[in-house]
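S.K.: Once you've looked at the hints, dock chains S, H and P against the given chain A.
Protein chains in written order, with our numbering: chain A, 5 to 342; chain S, 173 to 441; chain H, 322 to 603; chain P, 367 to 709.
Quick caveat, the hints were computed from the structure, so don't treat them as lab data.
Predicted model, so just to flag it, every value in this text is computed and none were measured.
Where is the CB? At the ideal position from N, CA and C, for every residue including glycine.
Where hints are given, some of them may not hold.
Partial list, derived from the structure: chain S residues whose beta carbon lies under 8 Å from chain H [claimed, not checked]: (1) 204; (2) 205; (3) 213; (4) 214; (5) 258; (6) 261; (7) 285; (8) 286.
Label-pair ranges, simulated between beta-carbon atoms [to be verified]: (9) A:36 to S:271: 33 to 39 Å; (10) H:597 to A:203: 39 to 45 Å; (11) A:56 to S:416: 45 to 51 Å; (12) P:471 to H:433: 50 to 56 Å; (13) P:526 to H:372: 26 to 32 Å; (14) H:597 to P:404: 52 to 58 Å; (15) H:519 to P:502: 47 to 53 Å; (16) H:433 to P:372: 22 to 28 Å.
List time: in silico EDC-like cross-link candidates among lysine to aspartate or glutamate, alpha-carbon distance up to 20 Å [as the list claims (entries may be wrong)]: (17) A:160 to A:219; (18) S:416 to A:206; (19) H:512 to S:399.
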Amino acid sequence: MGVDTILTDGIIPAPVRRRPEALLQVEQLSIDIATRDANVRLVDNVSFGIGRGERVALVGESGSGKSVTAQALMRLNSRVKLSGRVNFDGKDLLSLSPSQMAAMRGQRMGMVFQDPMSSLDPLMTIGDQVAETLRIRGISKRNARQRALDVLDELKVERAAERLDSFPHEFSGGMRQRVVLAMALVGEPDLLIADEPTTALDVRVQERVLDLLDEISRRRSLAVLLITHDMGIVAGFADRVMVMYSGRIVEENEATLLFAEPQHPYTRGLLEAVPRADVTVDRLRSIPGAPPVPAARPSGCTFHPRCDRAMAICSSVEPGEAITPSGARVRCHLYGAG
Amino acid sequence: MLQIDHISKSFPAGRGQRTMVLDDIVLNVDEGQSVGLVGESGSGKSTIIRCALGLAQPDSGRVSYSGIDVHRASRFDTLRFRRDVQLVFQDPYASLNPRMTVEELVGEGLLVHKLETTAAGRRARVVEMLRMVGLGEEALARYPRSFSGGQRQRIAIARAVVIRPKLLICDEPVSALDVSVQAQVINLLQDMQAQLGLGILFVAHDLAVVRHLCTTVAVLERGRIVEHGSREQVFDAPQHPYTKALLEAVPIPDPAIGRARRTERQLAT
Amino acid sequence: MTLVLPTASPRRKANFTAYELTVFGVVAALFLLALIGPMIAPADIYTSNMLETLFPPSAEHWLGTDDQGRDIFWRLIAGSQLSLFATVLVVILYSIIGMIVATLATVGPRWVDELLMRVTDIGLSLPGLVVSLGIATVLGPSLQSGIIALALTGWPMTARILRTTMRQTMEQPFVEGARILGVSRTRLMLKHVLPNSLDVLIVKWAGDISFTMLILAGLSFIGVGAQPPSPEWGAMISGARGNMSIAWWAVAAPGAAIVINAVAFALLADILQVRRDPSLRA
Amino acid sequence: MAYLRLISQRLVMTVLTLWGLATLVFIMIKLIPGDEAQVAAGPGANPEQVASVAKRLGLDLPVLQQYLNFLLRMLRGDLGTSVVSSKPVLTELAAVLPSTIELMIFASIIGTLIAFPMALVAASYRGKAFDGIARIVAVTGGAMPAFWLALMLQFFFGNVWRITPISGQHSFGIASPNVTGMPTLDALLAGDIPAFLDALAYLILPAFVFAIPFAAQVFRLLRASLLGVLASDMMLPVRAKGASTSRMVLRHALPNSLLPTVSLMGVLVGGMVGGAILVETVFARRGVGSFLANSVALKDTYAVLGAVMFVGIAVCLVNLVADIITLMLDPRIRGTQFGAGAK
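The following block holds chain A by itself, in its conformation from the complex:
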């Protein structure tokens, strides 16, 4: 890593940031799941875009639909019903045939999952698992193995050549997460979706994995969609942040602006509710209640029962999208548009 990266990114981001060319454009994506009794809407009408090489974070709590959204982008979960459009590099993913979709996975878009302990096949060697992405594409065993080795080297797995033939149980948590990362990166995708990639790891390991991800994303100009619940991780990694609550994106903005001027009461509450390791405060401002489960979503603005600035309209009318002076896309009745 050289001066280059530091200059392009800088400690202080450029005030006007050109929107990179769109790679992924999600339009009015809704995700439903049919249970025995009823149809439950897990994600309601979300739209967002990711540019080439851009790092976007999708932040949310349990039940917010962040992981479901992530899996929907690759159509990984066959039990949910998807509607809307997911444009990836000009193709509508939702209208592809299963085999066309399979060809996109691994090749154009890769995914990393939360728990490195359970993400790997215990009976297959590391080398075979990393190379599998390529083997599926019909690349020869030798070439696939060589490229698997290259990726593991790129991810700074020590003595990677010797370790190709070892099994997952011989690796530590951080090492396994690198292998999982290698499986997603070996096909040289344009978009990497990382679903809570460091939640199961200790802070120091987490930091190293995030650094690696940062470095590779810059080097390969790889777009990254980071799914997390941790505002701290978001702050250090993402260019842009989307905050999801109960199946909807309630706020979206450049990372710096979002942290400096959170607009939605939920975003603000979230930032104030988290203790910090660098300052001492007397008391945390807490958000009352708990995030709703998708089957029992409140009417109107789904956040209104917990919101300290709720108005009469909030419980009945779902707020539309408004753009605030700080550039945030926000769904809240406090911000006109209505």
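M.R.: Positioned in the frame of chain A, the structure of chains S, H and P alone reads:
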């Protein structure tokens, strides 16, 4: 009040070797004091808790509570120790018996320690306790599964605190909760401590939470306490490299700090 | 602080499908039949009628008659009590033994656990039918011997499963929490460990009834269980075997009765299993 | 290293099990109602014979001494003497064992060939018609009494439709020289194809009687564990690589499901020995099972107990082999090839 006095513990690691899990741990919690114990996974946090509660036997050293040697106590003293020292678990889903109602769960301590001998008296105390943790009377007949994670953790706290213990050991009590709910439970613990004069031993991997709740902090690295001091000493002027490394790795919800740190690390390599 | 109690996560509703209800209904009907079978069957099914031997199925004798001229249909109905209740008795007996062994192994000191589990392992690795055969031979052939033999050989699996579950329950944080609260040993077992361990057996029972019914019939067939005049189904097959070439229905019918029972309980076990572990659902 | 230790643990366990079994058999002998010497000598024995048997068995010695002697006899392979044939039980069993083994091997091959494809297809098309039908078929197949199934198959295929021979092991006059004791193998060794096919025809029905419940159980476990693996966290990354369903099932789910399935198959093959009592009798085949059944019919208690002991040993050995195969399939146990810093 609670004195963990030079305890060590090791486990067999095959081929006649033993791995040291705890190495000469010294830690005291005084009445009304809140002590934080920070460590990563595998640092020995849970072994310390188990030893402190008398559930595991250290190889050497002793744990004493107000003069009671926890591991060699008489029946009577053990019962007193059980009444005075309680635990709040990490996982609010696994720590409540799914087949007991909230009334039974919260009232069990009163029953076991014969603090309220009548059912009506127990119920009154349970209701009072539930109010303190922010739950209503209507919770009495319900089972844990109908509550959210945050509410279950309140029930767990009520269950532990209803018998008015002097020391509450908290084992990562908020790490399994949603971010927006964590603050509620943290605040509740603070309230309990202020109202009841509880001593708290707060064990966690999350440095931010520990900084928020504890005035004294110990840092555990692979079974050894490497740094031990007041909150300000440990967080603002850490001495041990391990503490420094941990603090530097904790994500801070501020993009400027996050990027500056990454740049620093990249320059260092 | 005010708190909104969630309207969500109501108590799990039963919500049975038509298929599941059908299976429950069939099992209930089988039990009912076993209960009232001997009462509704005509008395002449225990006496020979040499004028009507080995009749094929007809309007008068729905499933024909056996070599003693007895109506096979009514013998099956009457015998269902023997066959089903003997099976259920076996399962109850060995479940009790298994529960005692598992509880002793869980609460007892380490060496008791070791000893009991080694004995259980030995029991598990012996072929049940063969050992039962040995035991029944020693006790002398009769239905009681069969029941005793199967009860003595059937318990190890129950003991092993229950003990594993109880150990797992013991390690649950809520049990640890109860100990920290100062709960006594007895209360710990009765209130915390057992109620949260026993449901593993409910699934097992249905499967056990299905399986045990087959073995019990097998013992009767070899001749160490119920003896011929008895309308126990295995014994009926054994008795009718000699005349199979002229009256195959006399063998087919009791076998079919066993299959119907065994399948019904196996399907019940399957349903219970899937309800416990929804990942198996089709 | 861990691997060797586990195998030796299994061996010790097997020895302990056999000891337990021997004790059980000894207790059963002691529990037999009536005079033990009389039973051992047979119902028709005269007083002198009874007395000599009592002396040979050491019945006048203290019980503990008798128990030790009994164990020693077992160690020497002396499973007692058949009252009916006056031959050692072990000799008789050794003569008929190959025939039973032949049947069991054949049955497990058929059962595996039925169960594996069925489970793989059912798991790949979970919830589709095939899956549903296969599950019902499996439940039914596992709930049929073996002896009844044997009788019915024998009656319809043999007597009514005359597709297969009814009973026995080979047609009159087509026997190949007895080398292994397994008619099919003997015919092959003799290079006599017609004799082989003849023996095969006799083998097919009894083999199916065993194969059906075997396949039913294997199917159910294999399907369940394939679905378990397919639903596990492990499969999401595989799907995200672009793998097809067949690849997920065959390359990932199947290897991970093999461990429990092989142990179950071991247990089931052991259980077949028990079923052989019923099935061999129905089909009039030589074998351990029909020997046992005959001994029961002739009230030859010592032969029964000797055979029980023998079968117990056989089952333990089968289980031991299945355990060892299971261990060998698991790289976590097979031993680390590379001493990477795990933990």
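S.K.: Which numbered conditions among the earlier hints are violated in the structure presented, ordered from lowest to highest?
M.R.: 1, 2, 3, 4, 8, 10, 11, 12, 15, 19
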